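Quick note, in full-length UniProt numbering, the sequence shown goes up one by one and the last residue is 112.
Don't read these hints as lab results, they were simulated from the structure. The model shown is predicted, which means the values in this text are computed figures rather than measured ones. There is no bait here: all hints are sound.
With a Cα cut of at most 16 Å, we get these calculated EDC-like pairs of lysine to aspartate or glutamate: (1) K2 <-> D67; (2) K34 <-> D54; (3) K3 <-> E66; (4) K3 <-> D62; (5) K34 <-> E5.
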Amino acid sequence: MKKIEAIIRLSRFEQIRDALAGIGVRFFTLTEVKGFGLQIGPKMTYRGSTYDADYIARLQLDILCEDEKVDDIVKTISASGRTGEVGDGKIIVYDVKHVVRIRTGETNAEAL
Numbered sequence: 001m002k003k004i005e006a007i008i009r010l011s012r013f014e015q016i017r018d019a020l021a022g023i024g025v026r027f028f029t030l031t032e033v034k035g036f037g038l039q040i041g042p043k044m045t046y047r048g049s050t051y052d053a054d055y056i057a058r059l060q061l062d063i064l065c066e067d068e069k070v071d072d073i074v075k076t077i078s079a080s081g082r083t084g085e086v087g088d089g090k091i092i093v094y095d096v097k098h099v100v101r102i103r104t105g106e107t108n109a110e111a112l
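Take these sequences, add in the hints, and give me the full structure.
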């Protein structure tokens, strides 16, 4: 089993969500995150002074899946999330040793 973590642009979420649904991904966790990288943050104004923000708002998708689905999911997120500009995000794949569905006690693949 794998965990796919994707940091994406807010503006690309609907395209990515729809593309994932198209390949059968029905469940994921969505978290609002802030990051710092090559992309310059927005200008912020507070009480008449302008400041550079040190962070960029992004979304983080976390998807648990079986090993054989990883390549399709990664390709789908990458293709539907790509704008070609700095700040498109990152996709990270982790090994998962054990999953338990709390409600039923099901484990591993049955818990997905």
